[in-house]
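Undergrad: Construct the complete structure from the given sequences, taking the supplied hints into account.
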Amino acid sequence: MVRKIELNKRQEKIIEIVKENGPITGESIAEQLNLTRATLRPDLAILTMAGYLDARPRVGYFYTGKTGAQLLTENLQKLYVRDYQSIPVVVNENVSVYDAIVTMFLEDVGTLFVVDQGALLVGVLSRKDLLRASIGKQELNSIPVNIIMTRMPNITMCEKDDLLIEVAKKLIEKQIDALPVVKKTEKGFEVNGRITKTNLTKAFLALAGEK
Numbered sequence: 001m002v003r004k005i006e007l008n009k010r011q012e013k014i015i016e017i018v019k020e021n022g023p024i025t026g027e028s029i030a031e032q033l034n035l036t037r038a039t040l041r042p043d044l045a046i047l048t049m050a051g052y053l054d055a056r057p058r059v060g061y062f063y064t065g066k067t068g069a070q071l072l073t074e075n076l077q078k079l080y081v082r083d084y085q086s087i088p089v090v091v092n093e094n095v096s097v098y099d100a101i102v103t104m105f106l107e108d109v110g111t112l113f114v115v116d117q118g119a120l121l122v123g124v125l126s127r128k129d130l131l132r133a134s135i136g137k138q139e140l141n142s143i144p145v146n147i148i149m150t151r152m153p154n155i156t157m158c159e160k161d162d163l164l165i166e167v168a169k170k171l172i173e174k175q176i177d178a179l180p181v182v183k184k185t186e187k188g189f190e191v192n193g194r195i196t197k198t199n200l201t202k203a204f205l206a207l208a209g210e211k
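In full-length UniProt numbering, the protein residues as written are 1 to 211.
Each hint should be verified, as a subset may be incorrect.
Claimed, not checked - Here are the computed lysine to aspartate or glutamate pairs in the EDC-like style, where the Cα-Cα straight-line distance is at most 20 Å:
1. K169 <-> E159
2. K202 <-> D162
3. K184 <-> E166
Unchecked claim - Now the in silico label distances, taken between C-beta atoms and shown as ranges:
4. G51 <-> A119: 38 to 46 Å
5. D177 <-> Q32: 48 to 56 Å
6. I143 <-> T201: 57 to 65 Å
7. K170 <-> N34: 47 to 55 Å
8. T185 <-> T39: 52 to 60 Å
9. D116 <-> R41: 51 to 59 Å
10. P144 <-> E190: 19 to 27 Å
11. K170 <-> L35: 20 to 28 Å
12. E166 <-> G51: 52 to 60 Å
13. N8 <-> P153: 49 to 57 Å
14. N146 <-> K170: 38 to 46 Å
15. R41 <-> N21: 13 to 21 Å
Honestly, the hints are just simulated from the structure, not real lab data.
Given the structure is predicted, the values throughout are model-derived calculations rather than measurements.
Yeah, the Cβ is synthetic: ideal placement off N, Cα and C, and Gly gets one too.
TA: In structure tokens form, the structure reads like this:
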């Protein structure tokens, strides 16, 4: 579960109290804030799940010593491709550039993954690739995408068990908008999903507690 990092004023006050007096019971915290234990229970649960506080039976709550930045880093290490990947849009290597442009427009994506007759990844098509092919007097209906696509082994890929933070680094390093999520087989790589900058943005917003 992704945990909310941004705290409200009462939660920040609870952390201050636990820092100064921990270990301290929930009843004692509630007393200092002039609140009931029941009112305080959701805040203590959030702070404990988020990692700011820890609790021990018959001892009470104590501060873990972790900063928001440390907790953010820890939570980033819990975001995996498999939880945020979306459905890939694929085309066969023999389709025309024109058909690929139509597919990209209809599917509203920035990257197409090209597969062979065995449904294995052989290339990637970006908007830039298709735009470049469109400039000039070429007959787009007669040019197959395998002429203009980025080919193996020059394709940057990821797998479902990769960390999102590592995928983000690849996207920035390669200056690309999307990666295919692949499964390695004896014959090659099957495309099972895609990770885009939009997927990453949604994941990081969820980490920050935004909808």
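Undergrad: The structure should be examined with respect to each hint, and the outcome stated for every one.
TA: Tested hints:
For the hint pairing K169 with E159, the CA-to-CA distance comes to about 14 Å; that is within 20 Å, so the pair holds. With a C-alpha separation of about 17 Å, the suggested pairing of K202 with D162 holds against the 20 Å cut-off. Proximity of K184 to E166 is assessed by CA-CA distance (about 19 Å); at most 20 Å being required, the pair is judged to hold. Remark: the range hint 38 to 46 Å for G51 to A119 is upheld by a beta-carbon distance near 43 Å.
Between D177 and Q32 the CB atoms are about 51 Å apart, so this pair conforms to the stated range of 48 to 56 Å. The beta-carbon spacing between I143 and T201, approximately 34 Å, falls outside the hinted interval of 57 to 65 Å. Checked against the hint of 47 to 55 Å, the C-beta distance between K170 and N34 comes to roughly 51 Å, which is consistent with it. In this structure, T185 and T39 meet the distance hint of 52 to 60 Å, their C-beta atoms being roughly 55 Å apart.
Between D116 and R41 the beta carbons are some 57 Å apart, a value that agrees with the proposed interval 51 to 59 Å. Taking the beta carbon of each, P144 and E190 are about 22 Å apart, inside 19 to 27 Å as hinted. For the pair K170 and L35, the supplied restraint of 20 to 28 Å is violated, since their beta-carbon distance comes to about 47 Å. For the hinted restraint 52 to 60 Å between E166 and G51, the CB-CB distance of approximately 22 Å leaves it violated.
The given range of 49 to 57 Å is respected by N8 and P153, whose C-beta atoms sit roughly 50 Å from each other. In this structure, N146 and K170 break the distance hint of 38 to 46 Å, their C-beta atoms being roughly 24 Å apart. Between R41 and N21 the Cβ separation comes to about 18 Å, which falls inside the hinted range of 13 to 21 Å.
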